[in-house]
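We have chain Y already, so just place chain G on it with the hints.
Here is how the chains run, residue by residue.
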Amino acid sequence: NAGVTQTPKFQVLKTGQSMTLQCAQDMNHNSMYWYRQDPGMGLRLIYYSASEGTTDKGEVPNGYNVSRLNKREFSLRLESAAPSQTSVYFCASSEAGHTDTQYFGPGTRLTVL
Amino acid sequence: GNSVTQMEGPVTLSEEAFLTINCTYTATGYPSLFWYVQYPGEGLQLLLKATKADDKGSNKGFEATYRKETTSFHLEKGSVQVSDSAVYFCALIFGNEKLTFGTGTRLTIIP
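If you read the sequences in order, they're chains Y and G. Here this note's numbering is used: the first residue of the first sequence is 1, the next is one more, and so on. Here this note's numbering is used: the first residue of the second sequence is 1, the next is one more, and so on.
The reader is advised that the hints may include incorrect statements.
Okay, derived cross-link-like pairs now, PhoX-like style, lysine-lysine, Cα gap no bigger than 25 Å in a straight line [said to hold, decoys possible]:
hint	chain 1	residue 1	chain 2	residue 2
1	G	Lys68	G	Lys52
2	G	Lys52	Y	Lys71
3	G	Lys56	G	Lys68
4	G	Lys98	Y	Lys57
5	G	Lys98	G	Lys49
6	G	Lys60	G	Lys49
Just so you know, the hints here were simulated from the structure itself, not pulled from any lab data.
In isolation and in its complexed conformation, chain Y is listed as follows (with noise of 0.2 Å):
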């Protein structure tokens, strides 16, 4: 049993590159998460999806977009990488909502130079 999966693992973009981070879940959880890790900050919400075919945007939107391509996938896309991107990103899932256990992917590091 996989749980939640991530790819890549690690990243390297030059300012103004595109990149998409993948996510999925093997769990039949309806609602998923992707949430952004810095220093001393904590995690933050980027977006969130309560279910297939719903987005919705979280506390640090900004820069991002994101897709629920279907149940077990949730991919997150930056447009037009900027040095304050440079975070590791974290995939999430909960069977419905946040009230629910959220079960984590490993995370993505990405840097932006």
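Relative to the frame of chain Y, chain G by itself:
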């Protein structure tokens, strides 16, 4: 808004020492409270939780009690092991709002 304040780290202890990591919260109403743990190179895992006042969450020898009077949810363990070295996050959720995390406390246990 809702917020979580955690003891700043890093915390370094010897094996078998007693551990306390402080966590206090601010919320409108009575939130559910959580401790998550992040082992090196991994994502966060739920360690324990409590959903109402005076509840005690426990797992893997760790405990935390939901104290409404002091708005606290301190994490404790009687005898830590090297394998407990990790970053610990206190978090809360209230109603249907998002999970709110503290800044994390890095714990290192020395043999």
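Status of the hints after comparison with the structure:
The hinted pair formed by G:Lys68 and G:Lys52 meets the criterion: a straight-line CA distance of about 9 Å does not exceed 25 Å. Among the hinted pairs, G:Lys52 with Y:Lys71 is inconsistent with the structure: their alpha-carbon atoms are about 32 Å apart, more than 25 Å. For a cut-off of 25 Å, the pair hint linking G:Lys56 to G:Lys68 stands: about 12 Å separates their Cα positions. With a CA separation close to 11 Å, the supplied pair G:Lys98 and Y:Lys57 stays within the 25 Å bound.
For the hint pairing G:Lys98 with G:Lys49, the CA-to-CA distance comes to about 16 Å; that is within 25 Å, so the pair holds. Annotation: proposed proximity of G:Lys60 to G:Lys49 holds, straight-line Cα distance about 13 Å (limit 25 Å).
Checked against the numbered hints above, the structure violates only hint 2.
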